[in-house]
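*Asks:* Single-letter residue listing:
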Amino acid sequence: MKTFYWLVKREFWEHRGGFLWTPLICAGLVVVLNILSMIAGGIIGGGFWSVWHQLTTGSPQDLRNAGTVLNFLAMMPGVVVSIGLFFVLFSYCMKNLSSDRSDRSILFWKSLPVSDLATVLSKAFSAIVVAPVIAVIVSVIGAVLMLLTAAIAASMQGIDFGQVLWGLPQPGQVVATFIGLLPVYMVWMLPSVGWLMLCSAWTRGRTARWALGLPFGLGAIIWWLTAMAGNSDIGGWYWHHVALRIAFSVFPGSWALSDQARDPSYLRWSSGADLQVHGMDHLFGQTLASQYQLLLTPDFLWGALAGIIMIGIAVWLRRWRTEL
Amino acid sequence: MSTVIKARGLTKRYKTTKALDGVDLNIEAGRIVGLIGPNGAGKTTALKAMLSLIRFEGELSVLGMDPRRDRNKLMEQVCFIADVAVLPRWIRVREVIDFVAHTHPRFHRERCEQFLAQTKLTPKLRVRQMSKGMIVQLHLALVMAIDARVLVLDEPTLGLDILYRKQFYQRLLEDYFDEEKTIIVTTHQVEEIEHILTDLIFIRDGKVALDTSMDTLGERFAEVMVGPEHSEAARALNPLDERQVFGKSVFLFDGVPHKQLEAMGEIRRPSVSDLFVATMKGTYA
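Line by line, the protein sequences are chains W and L.
Letter by letter, the first sequence follows residues 330 to 653 of our numbering.
Letter by letter, the second sequence follows residues 22 to 306 of our numbering.
Be a bit skeptical, because a hint or two may be false.
No farther apart than 30 angstroms at their CA atoms in a straight line, the calculated lysine-lysine pairs in the DSS-like style are these [said to hold, decoys possible]:
id, chain 1, residue 1, chain 2, residue 2
1, W, K338, L, K94
2, W, K424, L, K153
3, L, K202, W, K331
These are computed hints drawn from the structure, not numbers from a lab.
For clarity, every value in this text was computed on a predicted model and none was experimentally measured.
Hey, can you work out the whole structure from these sequences and the hints?
*Replies:* See below:
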């Protein structure tokens, strides 16, 4: 256990830039841009500012609209952090079992009494848990800063500071969503982490060729063959469930494209009509619950199984592959 | 004395060649063994087999364990310096000490810090900021602070200047080596380690060409400087090698009784490098 902790720490040392600084910069950029736009808006007027004025009337509809705008603002750092996280994880998983082979530092790591299983699992853990948790923490801080900026800006317009922050129906909603979706994301990304790490353990340089070239090349062939046969269902299925899944499901929220997520009986994405009827409180709660139901759908279960198997193969490859 | 490494028919096949071809070895505890051979002879392959970094055929036991099966347990007792380039470039002195301290059960932090206190290395320094000599100082400090039974060195001083090279082996002898420990070292700079070796193994084309202790080396091999009057007689004794120095011939004999040679001239123990050159004649031809 102690060894595993230090292995994870080691990954963090090596990838501090990707795991910590990338989300910080992404969120920081959004917050700073927001502050600048608030200042500009204060000088020029218009834009979001009309919303604050509506708050003063205090009608429920106005409050809901203001809440939607605030939620949107609070989401923004998280959205940008998510995009950053995708690039960080994609390149991390593709390199974490090959870069130490290419600079031969694997000979140092392998001179220590640390098992290959623990080493590979610590790298998978860093991708699945460490980086996303840091990203969520940064996103939450970003969200709070966005709301604070908005509140301060509103108070400068003569609107009660407290009313903006606490008077709205759902101040902690965005925060709850980020944290709540974390487990769903962790399970969803397994096949991609597994595939990229498998390629990283397998290849002798130019990992991307295998990681992307193999599934996409195969996809093109299957597509062409099935199209010739006059039925492109299989090709479409392969692209959707295999090629794109193993390549890109480290993208946060990409499970929105899974079969069940697109099936309205499983999941209801907020629509204007729902907002009118239930308010966002109810809707968010419901959305989160139904996201958890997704965990038991075939897309998630088979994907997770495939991911775990591929990580297992990576462990086995790590045992004997010491040079690029 | 106990056997630390025992190999029987150790063979490593690559697609077209055999890097190791039925190697038999016996290495006892408390020895410093030089594994010497030309480039591509299979030295590193043999070390990698012992460290379980490659698969192989044949029988091999290190400290009574099969490296293929018990790697994790084995690596608690076996330390390894490949060459100076293998410490990860991003890591800091402080970080690498922390990491080894918490993952290696036989690492003694105070000892490592003592060794480092004698160098210019500072905790915040990164490997990428160090010279090759400093990197090897760091690696040596880490390894010497581990209470292991076997130390494997594969060209540990390659590319270092003579000050660092001398210091490296001096440190090993003074502060590390004892009768409990075994050191196996490969290097091309034979002259520099000749005086510290207790045993010598020559490898050529994946086979053991010579396996001797330094004590018996002096009895078995002899170098004699012979004047022209005796050179015919000397040639008749089937010397390994003959070379000309100042109009005299220097012959290298294998297994000829010293009594027989004394008449021809002064007998000296051949240097390892002369022996090596004589043994490896025609390797690259």
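*Asks:* Run the distance test for K424(W) versus K153(L): straight-line Cα separation, threshold 30 angstroms.
*Replies:* Distance of about 26 angstroms is within 30 angstroms: holds.
*Asks:* Is the straight-line distance between the alpha-carbon of K338(W) and that of K94(L) 30 angstroms or less?
*Replies:* With Cα atoms ~23 angstroms apart, K338(W) and K94(L) stay inside 30 angstroms; holds.
*Asks:* Hint check: K202(L) vs K331(W), CA-CA at most 30 angstroms. Holds or violated?
*Replies:* holds (28 angstroms)
The earlier numbered hints are all upheld by this structure, with none contradicted.
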